[in-house]
Structures are given as C-alpha cells and as structure tokens.
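Q: Sequence:
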Amino acid sequence: MPKVIVPSQLRSYTSGRGEVTADGATLGAVLLDLDRQFPGFRFRVIDEQDRVRRHVILFVDEERRDDLGSEILPGQDVQIVGALSGGS
1 MPKVIVPSQL
11 RSYTSGRGEV
21 TADGATLGAV
31 LLDLDRQFPG
41 FRFRVIDEQD
51 RVRRHVILFV
61 DEERRDDLGS
71 EILPGQDVQI
81 VGALSGGS
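Numbering follows our numbering, in which position 55 of the sequence shown is assigned residue number 55; successive positions increment by one, without gaps.
It should be emphasised that the hints constitute simulated quantities derived from the structure, not laboratory data. Idealized CB from N, CA, C, for every residue including glycine. Take the hints with a grain of salt, since some may be wrong.
Dumping the calculated EDC-like pairs for lysine to aspartate or glutamate here, alpha-carbon to alpha-carbon at most 20 Å [said to hold, decoys possible]:
id	residue 1	residue 2
1	Lys3	Asp77
2	Lys3	Asp33
3	Lys3	Glu63
4	Lys3	Glu19
5	Lys3	Glu62
6	Lys3	Asp61
7	Lys3	Glu48
8	Lys3	Asp35
9	Lys3	Asp23
10	Lys3	Glu71
11	Lys3	Asp67
Here are the computed distance ranges between Cβ atoms for each label pair [unchecked claim]:
id	residue 1	residue 2	range
12	Gln76	Thr14	29 to 39 Å
13	Ala83	Glu48	29 to 39 Å
14	Gly16	Val81	30 to 40 Å
15	Glu48	Pro74	25 to 35 Å
16	Glu48	Gly75	28 to 38 Å
17	Gly40	Ile5	12 to 22 Å
18	Glu48	Gly82	16 to 26 Å
19	Ser8	Gln37	29 to 39 Å
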C-alpha cells in the first residue's frame, strides 16, 4: 500500500496527518482511495477536467508525475506538493 505524504494545506482533510496510506495500482486510483477515506480530498488535487490542478505537483518516489494513469508499484511513495503563492 503506497504511503502518501500530504502537504500542510491539505491536512485539514486528513485530520492533521501528514502521512497516510492508500490503495491503488495507479496514481488516479490512489487519489480515489484517498477521497474515499477523506471525502473532498481529491477535488483539492484534481480539477473538473480530471487533471492535476495548476498549484499541485505530484511525485512518485521523487519523480514528478502528471499522468493519473501512472503505475504505482508496491512500496512506492506518493508525495503531494502544494505550490505557494502571494507576496509582492
């Protein structure tokens, strides 16, 4: 079961947990399982066109992935990174 690292701005969905696990053979399936466990989570990462949101970057074992069909192998980690914005 993949370990998923959750950024601080999404931890309100995971009861404050920065690390969770999810089932899935693809990146998309992992996100669906996260949404099953933590309702509303997927919508914060994936837009209405089923694409990764502009302000989110997904990594599988430190390799950037944008394709939700990307295979997730047993023991791989998924990291969700939220971009920061603002300032002057």
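Q: Just pull the numbers of the violated hints for me, sorted ascending.
A: 7, 12, 13, 14, 19
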